[in-house]
Amino acid sequence: MKKNLKISIMSALMATAMVACDPGDFGDMNLDPNNPSVPVTANLLTSAETALVGPITDTQPTLYSQQISEKFYTEASRYGTLNFSFNGFYSGPLVNLQEIIKLNTDEATKSTAAQNGPNANQIAVARILKAFFFWHMTDRWGPIPYSQALQGRDNFKPAYDTQEAIYTDLFKELKEATAQMTSGSIDGDLLLDGDMDRWKTFANSMRLVMALRLSEVKPDVAKAEFVSAMQAGVISSNAGNVVYDFLADENNDNPWEDRFQTRLDFNISKPMADLLLATNDPRLPVFADPAVLTQKYVGMPYGLEQGAAGAIPNGQVSFLGTDLRQQTSPGYIMTYAQMQFSMAEAALRGWITGSAKTFYEEGIKASFQQYGVYNEAEYKAFIAQPEVAYTPAKGLEQIITQKWVSLYTYGYEAWAEFRRTGFPKLTPPANPISVSKIIPLRQGYPTTERDLNGGNYDAALTMLGGKDELDMPVWWDK
Amino acid sequence: MRKFLALFLVGILSFGMQAFAQERTVTGKVTADDGSSLPGVNISVKGTTRGTNSDVSGNYTLTAVPNNATLVFSYIGFKAQEVEVGNRSTVNVTLETDVSLLNEVVVTGLGVSRESKAVGHALQQIDGEKLTFSKDANLANSLAGKIAGVQIQGAPSSSFRSGNIRIRGVTGLSIYANPLYIVDGTPIDDLNAVNMDNVETITVLKGASATAIYGQRASEGVVVITSKKSVRGKIQVDINSATTMDVVSNLPNYQNSYGGGYDQSFIPFEFNPAIHPAEWQAFQGQNLIDYSADESWGPKLDGTLYRPYYSWFPSHPDFGKQIPFSPQPDNVKNYFDTGHTYNNNVSISGGSDKASFRASVTNIKRNLIVPNTDQTRNYINLGGSYDISKKLTFTTNINVVDEKTKGRPLEGYGQGLTGSFNQWFQRQIDIDILRDYKNPDGSFNSWNIKGPEDTKPLYWDNPYYDVYENIFNAGQNRVFGDIGLTYEIMPGLKLGGWVRDNTLNSRYDFRIASGGLNPDGFFTGTDKRNERNYEFLGTYNKTFGEFNFDANLGANIRRNTREVQNLSTNGGLSIPNFYNISASKDRPNTQNFTSEKEVRSVYGTVSLGYRGFIYVDGSLRNDWSSSLPVANNSYLYPSISGSFVFSEFLKNQRILSFGKLKAGWAKVGSDTDPYQIFNTFSVNNPYGSLPTQSLPGRLPNANLLPTLSTSYDLGIEVKFLDNRIGFDFTVYNRDNTNQILPLSVSAASGYTQAMVNAGKINNSGVELATTFIPVQKDDFDWTINVNLAKARTKVVELADGLDNYVLPTFAVYSAGANLSGSSVAFGPTVNAKVGEPFGELVGRAFQRDENGNRIVNADGAFVFDNNVNLGSFLPDWSGGVINTLNYKNFVLNFSVDFQKGGLVYSVTQMFNAYSGLGAATVGPNDKGIEQRDPVADGGGIRADGVLADGSQNQQYVEAIDYYKSLFRLHENWIYDASYAKLRELSLGYKFNSELLNKVGIRSAYVALVGRNLWRIQQPVKGLDPSEIESVWAEGGQLPGTTTFGVNVKLGF
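Same order as they appear, the protein sequences are chains Z and G. Be aware that the first sequence starts at 1, since it is given in this note's numbering, and climbs by one per residue. Be aware that the second sequence starts at 1, since it is given in this note's numbering, and climbs by one per residue.
These aren't lab readings, by the way, just hints derived from the structure by calculation. One or more hints might be untrue.
[Unchecked claim] Below are the DSSO-like pairs computed for lysine-lysine, each with C-alpha atoms no more than 27 Å apart in a straight line:
#: 1; chain 1: G; residue 1: K990; chain 2: G; residue 2: K777
#: 2; chain 1: Z; residue 1: K296; chain 2: G; residue 2: K528
#: 3; chain 1: Z; residue 1: K425; chain 2: Z; residue 2: K357
#: 4; chain 1: Z; residue 1: K437; chain 2: Z; residue 2: K365
#: 5; chain 1: G; residue 1: K450; chain 2: Z; residue 2: K467
#: 6; chain 1: G; residue 1: K494; chain 2: G; residue 2: K365
#: 7; chain 1: Z; residue 1: K270; chain 2: G; residue 2: K228
#: 8; chain 1: Z; residue 1: K270; chain 2: Z; residue 2: K223
#: 9; chain 1: Z; residue 1: K478; chain 2: Z; residue 2: K394
#: 10; chain 1: G; residue 1: K456; chain 2: Z; residue 2: K296
#: 11; chain 1: G; residue 1: K777; chain 2: G; residue 2: K888
#: 12; chain 1: G; residue 1: K391; chain 2: G; residue 2: K228
Based on the sequences and whatever the hints tell you, model everything.
As structure tokens, this is what we get:
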């Protein structure tokens, strides 16, 4: 009994001991050993810049602009998708760029952040990149969360801003960003290697293209911003092109290479091929491969129904050019040719002095050089052809058409210019899947916004004109 | 709080110390009516919750039996008997055989056996015999339809994956929550760790009052698995050997009228000297098909001579030859082999008066119907006990499980095998020719060549290459079990301590062979998991006067650790056919993580019984979890339950044999995964030499609170006519509030998810378990068990201002970007919408007019609406029927399970139509003309609907365009998931024991067994909702199988 008593007392003590010593104290057990709690601003910047890949290589807008055609699976060509997600921009590059600004601003962290370059320059680059992404997004969706976005737990339901308000603020952001730059390069910049002069040029060039976007809705603002950007200095040669360098590394290679790795889905479109054939364009062998069976360049008709598309054998049409789908094929974000075509239009509109024809021809030349097919005699012959030779009466159509060619595979820009000007003249497919059946004027919001941010989503639809459809024009599309 | 617990503890202990007089020790022997001794008989003191078992010789000892007590002797297969002890100290009993198999004693929480009538919890028990008669090695499948409210989340019978089980439907905001599995007291995380040959009984604890004592992990119910126990006395050896064969049995219906291509005309070969060898001139004008097509909208299979794909392989013996374009109706079926399973088990048990043990070894060897697959699994189980002294007993259970697997049949959308056969294929392909998948030069061939000029595959590798070259290997070793010491301080008061451990080490590797369509690669990884539990339990029971009192006091420390590494090559292999991470062309992808979590708990239970007809139980538990913020990491929750045996007051009648009312109420608290509190930055793939970091998409939360759910159940158990008809009916209701979940938020906030406490999910339902004994004669008896359950889960509220939560879905598996198969490809989303049933599928639906007619546009195509509610995937009813018939020496068992309602999304069916493979894509249209004929010739299909003006659509569209227009039109590919299937059947013969005994054999039994013999009802052929690829969808369903075999049991 004595022994029993001992054991029961011991057991009781054991149990009470558990209660007595603090059972809620687990030390550092819940600190995540797998992820760092401290960021390096250079690493955040690299990560944010890798998100530029989508905007410059997506297939959907390149189908809207009919630069390419789908060989057989023509659902995207026929506008089968309504909702596109912008979520990855906010939770990806934008929130990380904002974190760079915060880390370079807060007193507690700015000196650590400065190890990656002057605080002001890191902030300036983050602002320029943020502006690029927001610009890209508002051109696709129209009104988007902007002024209330990226506030984390402080605002899980940010309101939408009008496209006008966003453009206004982005002009301001770009100007302030270039104004705040100081000397000294920054780290982690895969795009422009931390070179602040190039960032300044990139910001001005971006502002120039953005300004032109407002030509129909706010010509005064457009002109003023255009002229101011041009004076501040834009890309002045192909050497100054803003290019995303893809690497010979599966994780960082050109998505076009992956698309053709095990499939044959994308052809040069018939409208594009026919134009290039008609004008003996030396870019054609870069843009397309000859058809296997005929060894000729043949564009794929755009947006056929699958039965009809499938009846055309693969060997009878030209697929996207091999040069454009290597692992390291460059991704153009902003080019000298684009500047020249923009200036040609500005000159045509009388915003700037100079000859529209000269800018136009320089744009063509720049594009030939960009694709490595420039040869003076050929170029001279090319611009002398009646279809190409600049004629003021159809100047806008010619400028935009050549711009459309020069922007081959950069669909978002080509599609935006088509929406703004209506050029080149494109015909929607015979049997579109979308309700409106016209070439889309915007993309639908992600369904998560309807579910998670309903009130603000509804308000955004009101700004758009009532419905979340592909045929609702954005503000600048008059 | 602490003070309260201390008081609680002292209270229980001091209560126990009080008077214990008027008691004695009773011993005796239990024999069967044939004179043999009966081991393992349950002997309980009536009106108490105490009991013991007879040993191998049928002897028993029961201490502290009150004067004038009544002992209840019960044993499966025998009629229970009540014996008044009077003042005897020896009570010998002979039990009579009974086929009504009513479990009188059930296992409740903490492994305690209690007399069934004393239990107020919602639980249901089934014994091993009824689980394993058809020798399914998977526990989940074995349980299908056998417990009311337990549903199988199946897996294809042609895969190595095993099903999971869901108890009482969905209870929280997760489709994938698992119940807690406990084997002899040790928690495990994988049903495959259970050796089915070792299972004595399975008890499913459904109500929260039954599970509350297991704490937070029991929130989805508990499956308590009790192993066969060692018996003291003589040595017994049992051998069980089963051999079964699987054959493919549930493929979709295919069409056999049209072959590969997108167009019905053959393509004449046009010789072009610029690209073709000169000798090909002879082929001028021969019929070609579009070899690069992976659909079957091609020419009619009418025997026209054409050039098959392999006739373009210069090394092929049939190069340059033409063959007739003819059907191959069994090509897919013939791809599959016969599967085999060899399941052998030997067990030995025995012991002395001080010690006992039971050891068993099982070897299961299996190959699937998919070629080049095999799996070997070994179980070694040892359980034993040793009385160190009269009062101190040592017990242990040690289980070793090892498994080696080769092959993993591809599942999910667009994967090889069925992802091709049922989705992207040419119907006329001759499977026997594909078997030679290697060319003489070592390269691989496929049916899906780019063309005569380039015979490399376009979209698809040869399906034999997939299984013979892209080899998956996996292995795992698991050791789990416990050692424990129990000390009896005084009669009725015991203290015990256990250390329980469950360690799993697993590894895998997978290769994409060099020379196939995809870049070659190698993937490998390891996963080490451990759970350690330190457990203390004090138990006390005592009868005084007309009251019976039981109390338990326990403490537990649980620590879970995990260490994972995954490595894969990137960008191909630098040395072809060298499968090692060092061969990675680009920087390899690597991932490793470790995690650790600890939960500390104190708990107690008290039970009080009065005069054998009224019982009340209560429990209280407090947990501290390392995964919660320090300020909120302690949480307390109670439960209470009771039962009232009203038949005790209705003794003088013959109709009602037993009647009981039961009720339970409980709260259960729970925590979350580790590392959800503090902000971190994830490290991603570098760009060249530049590292990358980013904020996580999920915003952590430093203010998380524990989750609480509250539930109650009410039940009634009645038995009539000498127990020949029995009903056990339960209703339940549960509110799950403040769940910790990664709530989706507007990504414009910068995060796609935020950790929050949110939501109120209501889960309610009814369960009915019935037993009928239509025949009960000396040489013939028949028992029918019917289980039925209805569960409803409703979303009452989510977070503030949020009325929909899109539930996350998952890939079936993933290894490399090119090789992850989604089961919900192009699918609807699954949602929790406020005010709606849980699991609402939302997707595209036909637009309809006010009369419900489908609307057709001017082009003759259906008009659809996006984002329409299509209904919940959860079934309305589920259940099963088990029949057991004994006629003389013959035993017939069979079980049927079924569900009514619910939805399933089929990607296979969608592409069967899209690619022109399915039988529905051929045959006459509503004008009686072949639908694939051109519209101009009267063919085509008319979309059955009305135009905008309300008139019937009269326009016909080409068949190919019609079926393609249904792509992603979810409503058309979502099916009613009702099904019924004859899952198991066995017909056995028991040899007479007198004869056998002469040759030294104790028992012998032989049976023919079968599984999945008859899919009585399924939504559409090839789609069995009880073995669906994932919970509510399939992206490339593997076929079902039917299994036949022989089972032999011998006892010595």
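Status of each hint after checking the structure:
1. This hinted pair checks out: K990 of chain G and K777 of chain G have alpha carbons roughly 18 Å apart, not beyond 27 Å.
2. With a C-alpha separation of about 59 Å, the suggested pair K296 of chain Z and K528 of chain G falls outside the 27 Å cut-off, and the hint is violated.
3. Using a Cα cut-off of 27 Å, the hinted pair K425 of chain Z and K357 of chain Z holds, with the two alpha carbons roughly 21 Å apart.
4. Distance check on the hinted pair: K437 of chain Z and K365 of chain Z sit about 37 Å apart at the alpha-carbon level, beyond 27 Å; violated.
5. Between the alpha carbons of K450 of chain G and K467 of chain Z the distance comes to roughly 44 Å, so the proposed pair goes past 27 Å and is violated.
6. The hinted pair formed by K494 of chain G and K365 of chain G fails the criterion: a straight-line CA distance of about 43 Å is larger than 27 Å.
7. Restraint check: the Cα-Cα separation between K270 of chain Z and K228 of chain G comes to about 75 Å, which exceeds 27 Å; the hinted pair is violated.
8. Using a Cα cut-off of 27 Å, the hinted pair K270 of chain Z and K223 of chain Z is violated, with the two alpha carbons roughly 35 Å apart.
9. About 20 Å separates the Cα atoms of K478 of chain Z and K394 of chain Z, which keeps this hinted pair within 27 Å; it holds.
10. Proximity of K456 of chain G to K296 of chain Z is assessed by CA-CA distance (about 22 Å); at most 27 Å being required, the pair is judged to hold.
11. A hinted pair counts as satisfied when its Cα atoms are at most 27 Å apart, and K777 of chain G with K888 of chain G qualifies at roughly 10 Å.
12. Distance hint between K391 of chain G and K228 of chain G is fulfilled; the C-alpha atoms sit about 24 Å from each other, no more than 27 Å.
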